[in-house]
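Enquirer: Each chain, written out:
Protein chains: 2
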Amino acid sequence: MSVPNTAPSTATGVSTSEGPLKVPPFKHPLDPLTPDEIVAVSHSVRRYVAEKTVINAIRFITSYLLPPPKKAVLAFLGIPLQSGEKPEPATEIVRKAEVDFVDAVNGHAYNTIVALHGQDWTVESVQKLPEGVQPQISVEELLLCEEIIRADERVVKLAAEVGVKPEQLHADGWAIGFDARFPENTRIQQALMFARWGRHENLYAHPLDFIPVVDSISKQVIHIDFPPTYKKKEAKSLFASTGVDVELSVDSTAPPDLDADAREVANRKRLPPPQKSHDFLPDLLSQKEGFKFRDDVKPLHVVQPEGVSFKVDGHVVEWQKWKMHVAFHHREGIAISTITYNDDGNVRPIFYRLSLSEMVVPYAAPEHPHPRKHAFDVGEYGMGTMANELTLGCDCLGKIHYLPGAYVAHDGNAVVVKNTICIHEEDAGLLWKHTDFRVGGRAQAVRSRRLVIQQICTLANYEYIFNYMFYQDGNIEVEIRLTGILQVYVQDEEEPNPFGTTLAPGINAHYHQHLFSVRVDPMVDGLQNTVVETDILPLPNAPTGSAANHLGNAFIARGTPIAVASEGARDFDYTKDRRWSIVNPKVVHPHSKKNAGYTIMGKGAMTPMMALPDSIVAKRAQFATRPLWVVKDVEGPHGGRMWPSGKYVPQTRGVPPDSLANWAKGDDKLSEEDVLLFITMGITHIPRPEDWPVMPVEHLRLLFRPTHFFEANPSMDVPGADDKQSCPAFPEATNASTGGAHCAH
Amino acid sequence: MSVPNTAPSTATGVSTSEGPLKVPPFKHPLDPLTPDEIVAVSHSVRRYVAEKTVINAIRFITSYLLPPPKKAVLAFLGIPLQSGEKPEPATEIVRKAEVDFVDAVNGHAYNTIVALHGQDWTVESVQKLPEGVQPQISVEELLLCEEIIRADERVVKLAAEVGVKPEQLHADGWAIGFDARFPENTRIQQALMFARWGRHENLYAHPLDFIPVVDSISKQVIHIDFPPTYKKKEAKSLFASTGVDVELSVDSTAPPDLDADAREVANRKRLPPPQKSHDFLPDLLSQKEGFKFRDDVKPLHVVQPEGVSFKVDGHVVEWQKWKMHVAFHHREGIAISTITYNDDGNVRPIFYRLSLSEMVVPYAAPEHPHPRKHAFDVGEYGMGTMANELTLGCDCLGKIHYLPGAYVAHDGNAVVVKNTICIHEEDAGLLWKHTDFRVGGRAQAVRSRRLVIQQICTLANYEYIFNYMFYQDGNIEVEIRLTGILQVYVQDEEEPNPFGTTLAPGINAHYHQHLFSVRVDPMVDGLQNTVVETDILPLPNAPTGSAANHLGNAFIARGTPIAVASEGARDFDYTKDRRWSIVNPKVVHPHSKKNAGYTIMGKGAMTPMMALPDSIVAKRAQFATRPLWVVKDVEGPHGGRMWPSGKYVPQTRGVPPDSLANWAKGDDKLSEEDVLLFITMGITHIPRPEDWPVMPVEHLRLLFRPTHFFEANPSMDVPGADDKQSCPAFPEATNASTGGAHCAH
Ligand SMILES: [Co+2]
Ligand SMILES: [Co+2]
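Line order of the protein sequences matches chains P and U.
Using UniProt numbering, the first residue of the first sequence is number 1, and each one after it goes up by one.
Using UniProt numbering, the first residue of the second sequence is number 1, and each one after it goes up by one.
It should be emphasised that the hints constitute simulated quantities derived from the structure, not laboratory data.
Any given hint could turn out to be false.
Unchecked claim - Pairwise CB distance ranges, derived in the manner of DEER restraints:
no. : chain 1 : residue 1 : chain 2 : residue 2 : range
1   : P       : LYS665    : U       : GLY559    : 38 to 46 angstroms
2   : P       : ALA733    : U       : GLU51     : 24 to 32 angstroms
3   : U       : LYS724    : P       : PRO731    : 18 to 26 angstroms
4   : U       : GLY440    : P       : LYS165    : 50 to 58 angstroms
5   : U       : LYS724    : P       : ALA50     : 50 to 58 angstroms
6   : P       : LYS665    : U       : LYS724    : 30 to 38 angstroms
7   : P       : ALA180    : U       : VAL347    : 51 to 59 angstroms
8   : U       : VAL162    : P       : PRO590    : 20 to 28 angstroms
9   : U       : GLY440    : P       : THR91     : 17 to 25 angstroms
10  : P       : GLU567    : U       : ASP571    : 48 to 56 angstroms
11  : U       : VAL347    : P       : LYS288    : 42 to 50 angstroms
All residues carry an ideal CB built from backbone N, CA and C; glycine is no exception.
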């Protein structure tokens, strides 16, 4: 049964089940929970809670597969622990689910483990989380935030004062970030406020000048913040010592006491929202005077008359010697697991799991309450929960296969996004080419085909496009594309803007960074891997003219294994063109004599965090302070080390105990171990007017490249390029001297 | 008339003209010389030389358009010197050619200026170049090098000693690089030697152990070098102080005296070439035992049923509000000039000219003669001269338009490459997207189309693919893709390899860097521009907890104009996430109040040079020592400042006087001036076995992005994505819950 109307616009509908459950056995032990399974798990939890606990009313927050131990999965799939050895004997795998929920009456939070036995899901444990620990914020709570502010009389009155009617009032619910004035155990959000002149008008064109804080359990506005304003520098400025030529309407960036009159403390007039529309929907754009769509973009189609080159069996995808498991994950969006490459009959494991484990977007403005804006879009909201339903010919071209996703609703039903991951092939330009330049010499050119696994997520105003791409030459690429709408705040006329860009009159986009933590659980030819840091440097102690370096050109590559846990946090060094590789010390290349590995190529995406090392956001998001972290994986009853900023991210106030910074301590051996890598990629986004009203995509790329892994270029067996459908652009003007011949081999 | 058989395999044929010349007037003053014009210019030079000089016999080396002054070109095209102002009145433009040739008898080099008056090309000047100055090396001289070594008895005998027959002998002619033992005024090359077991077999699989030096004027082998070999470290090692654990068979990396017995000095046995074949042509691959081409790459076509979205008139291309002039250049390959964008009726100039002005590939091995390997592929050989003839469905997909190229042959005829630049469109994924996540919210997705201007060049073993790409959002991207075959040398069994990778038995690929100098002659809203260096930094002097920065998150962007010539050489700073912009200080964005500009995004391609700062290669290739140089453009009778390592690159022995390092000196004002930028992009290539026998492409990307240039996102008028030909990958398995709907707007 489907109840489509209450789902967010990124989802397809809500799915519920009645009668006896028909739970199919999993095909792959990492298959995510199906909608039916989610509903069945909810039933089981609800029954258990009613019978055995004093919990009042359940608000389901998350419900997802608790993955079986790594070695059990590998044994099940017949993947050996070390390439060339025999796989371990298979053991029984119990399918388990993990559920977080809150008591809708008092906000207490619980974690539950449920296991499938036969056709029945049985609760194994219900654990009350410590006071102040907050599970993820659900999409329903985000929607609820808007309802709460609309129902609040003070909010309605404040809006009316700047000419905004109740029905025009909108709010993006955000995690509170950090605000020590509120008790840790209230489940709160900040409501970033906007007005909207019509049903589908771009609300971000009309930011409001106050920020309510809501409690999603009591469903009340509990406080309203008023940011101060900037003015030109005066004799005595708060920023005098910083070199920034402005003054603030208050004497500190710290939050005022809760019992002060926040509006009065801000010491500024009310700022009405900018009135002008800045739309992006075609029908609304068309109404703009003088607006005209381009009429000179001729159609371009991707046509695959014989179908696609990949095979799909449930969540298992096979393409061009690659084999992998692709799963929707409510938190990471996409998780790709058990990635192997068939190297001439030898199935070689490469990564056990690859995913986006966390991200943070710290903003630059210091004045309260703006520093609260540092969204952890993975840990606080869940990238999968925010994933779009994709459509043909829109998000991808050609022949597309979609995978569905599902997450739990407050009431225990499943919210379904039926096409949330798209899988398709793309031509990626030339793969390799060589021409013998001698007279009569021959050429060979081969085109590159790639498999693209894509998801698009809407985080309130922003959009992230995640592409996991596999290539015929053994490369794996993680590409993140940023688009959507900038987070904006209202700006007074003539107000200085030291921490943002004025995009349009009254519209201020604060500087910010997007910092992503890509989690790599490697198994390069087996689970025991070492990460090596390689520096390129001029031959040491060998000046130009010396006997060892006569012309001064000598340079070397110096590799250092990252050997112990306390050395796991690494820095980038541009001057040494530093790079890192994941190698298997047991596997030696027959010719180069170097260890088989995968090298991490991400220089273009490496970005230092700009918040101070002891800032609140740097503490909460330790992962973002370094481009690479290597830690040992430790599996336990709740799976491996998954979450670099902690499992429960909302409202943390410092470095969470079970998080990355604490794993990178001590003397644990990291070489030839079951290691994990957390790679930080990001950009510093100094907004441009060209990013408004919708931002053209910006790309972040991270490449994993086989190095001493294959005996030679593994794509030598890709047939030569010879596309018969390519033709001259202007056939009428084409003659013997300008026309193109087709490829000759 | 066409004489196809003597052209290198990258070209189409040789074109000669007889009878009266029909020279059409140029359409655009930067149109390159046509084959007819090249032949006419040669006739004119030959006649003049015969009548008025004592020069014996001309070997034409280069013959190309001498571009008219910038302001004359802009006036001719009606482009104003400052956006919004009236263009200057047009003045007469005299079409001129510049010709370099050498006296084939004595090697003296000459530069000639020839001007077109009516139908006649008239020699304006013939200037003898100073002793030791060497014009580019022609492709015929490269081919000649192989003939010379084959005709040399000593070479034939040395080859025979290691089992190589005369007909198996091959050589890649390389510039000598640097070797102070030979007089500057001999025109010499080093011959990197290979054997080949069959007509089209991969010769790089069989490197030889000696390196002849040839004089292309006397057509003689004048010396033969024998590299030493490495062995395991002994008690007293040349490399003891360097930390590298090897010993060399000689006691210095310096070259032995010319009168010493080079073979004896090398102090090692002869090394026969590895015997095994490593082929890449499909017919040869197929003969390999057990080899099988992949049969599961299904066809993928790009179809444009209504044709392309661009228009071409000669060399002028118009596409999606962009307009530009695209020219073949024998040295730079592609030069794109007078790039403008039609911003809602206002034609705004962006770049006057964009091209690859130089590059260098320094290798890491210090032992003589390997340090001579540091090819300047632009200045020594000419990227255009090495450009491939392209074929449909092979080098690009879809509807393609080709532009031809022509360069002069030794005898004054024109070598023609009829399809050397391909122009086509590509889908580039999503351009922007936003979804309103609210229940019932709407989405809009727009796909990105790009115009790709591509050339592929073969530099002996290597291939470079140059893509100049224009986007609908105002971005311009320069992408360089590297492929082809690694430069290799023979390696003894068990020989240590501290400066290279052993790709296959006996095959050693030395470490090296590819460092490219992209020359940007900007005219952002006019010729007077300023380059601004922007650092991102935490708010200075404002610790966490201070009144100015309570939570510690504040950061700012600090821009500093590069104001005087002596400050023109810039360094990258990763810790400040440094970036540079080219701005027009006269043009202020109406809302952001910042100057209109284009930002340079090239972090991923920035690479420090590894040769020592006082090394020979760093002196010759000063450009490569910094990621950005800003200098003032100075036009003269030979055009502007074009060549960062000097106009005449072969055989330079230090910093050439008229080169980049000398332009970046003194107090010349750089702000609001006619500036030039030289941007260094590159990679450090530590070869992998996976790069063998042909290297899968590696990408280098440099993006120019409008910043405060457009009032808002200039691509808001691109119609929404709606490709009706996209369809499910597995239609038979598609049902209501898995199928994809088409885009709804
Ligand atoms: Co951003
Ligand atoms: Co290379």
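Enquirer: Give a verdict on every hint.
Expert: Hints, verified against the model:
| no. | hint | in the structure |
| --- | --- | --- |
| 1 | P:LYS665 - U:GLY559: 38 to 46 angstroms | holds, 40 angstroms |
| 2 | P:ALA733 - U:GLU51: 24 to 32 angstroms | violated, 42 angstroms |
| 3 | U:LYS724 - P:PRO731: 18 to 26 angstroms | holds, 24 angstroms |
| 4 | U:GLY440 - P:LYS165: 50 to 58 angstroms | violated, 19 angstroms |
| 5 | U:LYS724 - P:ALA50: 50 to 58 angstroms | holds, 52 angstroms |
| 6 | P:LYS665 - U:LYS724: 30 to 38 angstroms | violated, 57 angstroms |
| 7 | P:ALA180 - U:VAL347: 51 to 59 angstroms | holds, 56 angstroms |
| 8 | U:VAL162 - P:PRO590: 20 to 28 angstroms | holds, 24 angstroms |
| 9 | U:GLY440 - P:THR91: 17 to 25 angstroms | violated, 48 angstroms |
| 10 | P:GLU567 - U:ASP571: 48 to 56 angstroms | violated, 28 angstroms |
| 11 | U:VAL347 - P:LYS288: 42 to 50 angstroms | violated, 23 angstroms |
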